[in-house]
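The task is simple: from the sequences and hints, build the whole structure.
Number 621 in our numbering belongs to position 25 of the sequence shown; there are no gaps in the numbering.
It is worth saying that the hints were derived from the structure and are not from the lab.
None of the hints are false.
What follows is a list of derived Cβ distance ranges for each label pair:
no., residue 1, residue 2, range
1, A691, R633, 35 to 45 Å
2, E599, E667, 32 to 42 Å
3, V666, K610, 18 to 28 Å
4, K602, V700, 38 to 48 Å
5, K702, S650, 29 to 39 Å
6, R633, V666, 18 to 28 Å
7, E599, I664, 41 to 51 Å
8, K668, A613, 13 to 23 Å
Beta carbons are placed, not taken as given, at the ideal position from N, Cα and C, and that holds for glycine.
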Amino acid sequence: MNEIIKNIEAAQMKAEAPKFNVGDTVRVHGKIKEGNRERIQVFEGVVLKKQGGSNRETFTVRKNSNGIGVEKTWPLHSPNVEKVEVIRRGKVRRAKLNYLRQRVGKAAKVKELVR
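Next up, the structure:
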């Protein structure tokens, strides 16, 4: 039974999953269905967390829109996620950046990782 599940999950995974980490500023191109039309909407923000594994892996992105924090969670291997562009790398020391939710302005920024 376990092998059957692994085979099904392997078939659902994307061939080239985007490479990004927590703290990175990313631009997510997501498919939006409106009636019978389909379009791509861009959501740009900081990756707060990545969780799960295999084809169940999800990531959460937070942005500030008109002074209001907006978070959105996507499955990494979903066909509705067209692509994920990394705008800048972030220098963080933890896996989940939940503390950014209470921060406002410059305090909510993540330092850029310089290589």
